[in-house]
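Residue numbers (my numbering), protein chains in the order written: chain Y, 39 to 277; chain E, 39 to 277.
Some clues are possibly wrong.
Pairs involving identical chains hold if they fit within one copy or between any two copies, as the list cannot separate such chains.
Here are the simulated DSSO-like pairs of lysine-lysine, each with C-alpha atoms no more than 27 Å apart in a straight line [said to hold, decoys possible]:
#: 1; residue 1: 83; residue 2: 107
#: 2; residue 1: 126; residue 2: 256
#: 3; residue 1: 223; residue 2: 55
#: 4; residue 1: 55; residue 2: 256
#: 5; residue 1: 55; residue 2: 161
#: 6; residue 1: 219; residue 2: 176
#: 7; residue 1: 201; residue 2: 107
#: 8; residue 1: 161; residue 2: 256
#: 9; residue 1: 176; residue 2: 256
#: 10; residue 1: 241; residue 2: 219
#: 11; residue 1: 161; residue 2: 54
#: 12; residue 1: 83; residue 2: 220
#: 13; residue 1: 107; residue 2: 220
Don't read these hints as lab results, they were simulated from the structure.
Protein chains: 2
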Amino acid sequence: MVTKNQIKLVVSLQQKKYRTQHGLFVVEGVKTVGEILNAGLEPFKLFVDEPQKIENFNEIEVVSKSELKQMSSLSNPNGVLGVFYMPKVKKTDTADWTVALDAVRDPGNLGTIIRLCDWFGIKHLICSMDTVDCYNAKVLQATMGSITRVNVVYTDLLDYLKKTSLPIFGTFMNGDTVYHKKIPKAGIMIMGNEANGISEEIKNLVTEKIAIPQFGSKTTESLNVATATAILLNEIRRG
Amino acid sequence: MVTKNQIKLVVSLQQKKYRTQHGLFVVEGVKTVGEILNAGLEPFKLFVDEPQKIENFNEIEVVSKSELKQMSSLSNPNGVLGVFYMPKVKKTDTADWTVALDAVRDPGNLGTIIRLCDWFGIKHLICSMDTVDCYNAKVLQATMGSITRVNVVYTDLLDYLKKTSLPIFGTFMNGDTVYHKKIPKAGIMIMGNEANGISEEIKNLVTEKIAIPQFGSKTTESLNVATATAILLNEIRRG
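Using the sequences and the hints, build the whole thing.
Okay, structure coming up:
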């Protein structure tokens, strides 16, 4: 039987500070929970509203629909809620490209960017401390399980960039077209905040200012950060 | 003064059938309304909750905050609501690339795709009849005004493709890598439904099956339709 304290714990994990405190995060939905189990992440507890929704697992607890609703962050909980231990953060390497996010705030954008890193085989994603938390429920929903294959590290981005010897790429309106740019084997690609782009402090550390050429009317809004990331990772990998 | 009938009309325009019947659509927010006015679309009526929020326009009506709330589709209306005549659909041309959508259902995806077409100078976007309506409030919000520069045409996509002499490109898991593909000057790029991809009937009309190479784990979910569109339009334009 699920206890009141367990329900309270699960609900508390909707807030970043309790996720960090307990080292736990919540995933909902049979598909995503299944993917995270398959990826080998260690579950703390799984809750289901019918027996046998998830097989081959011991720490499973059948709860009533109303108990699940109390724990869920969704208006229509979908039958399976998993509480997982956060994976250990791995050391980044310098032999390949890394993506770094400077204050990306939208959970959907972060989820899409994690999924893109996974697609393009980018193993490490560095996030500034003011980037949205990757264990936010909306981010997890958008990553479609890619979170288990990309090492997401939150750190002081300015400090991290000051210490690297890798070339640092950033996108600017007046940058050189990325089509004619020689792409090195390894580097850091910085993607900026949705409204303000790359911050002033970090701009000064960018060694290669690039641009994605625009072909339409000059009054067009700049590309969304997730679509720009898609284009740039494709450019890196196509070589 | 705003009449009850006017409020009723504006509210009815939240439904596609009334938008089609009246040839009108609604845009909210000072920035987007301003963009649509600047692009030269003809307004039917503008409602504001304070005088002088939008300048230089005659058909402007100052309403109370509660009247605006009645008309708005937003939980927090932001002061300006414009009702516009839908632009006339223009004839598509065959001298450049066209994007065609086969049952794209998510308003955010359609909005992002319209914005991408604008960025990459794609003038015509063909939508199957079961693609989400481009005058849906959520689509308009995501297009950031690009809707005024891209000609969006809803038509029987199968019939349209049967009649074209242009090469028809579509993305498939087993397609040829787009990096080595010769890209013609003009063609049609088909993007499929979020869950099911390109439908069987339309698949048979595709003349060039392409793929965006994957560099990560083979268990990765396929790319989201909007990020795939970003990568493919970039491939077309970079040549």
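*Can you name, in rising order, the numbers of the hints this structure does not satisfy?*
3, 4, 6, 7, 12, 13
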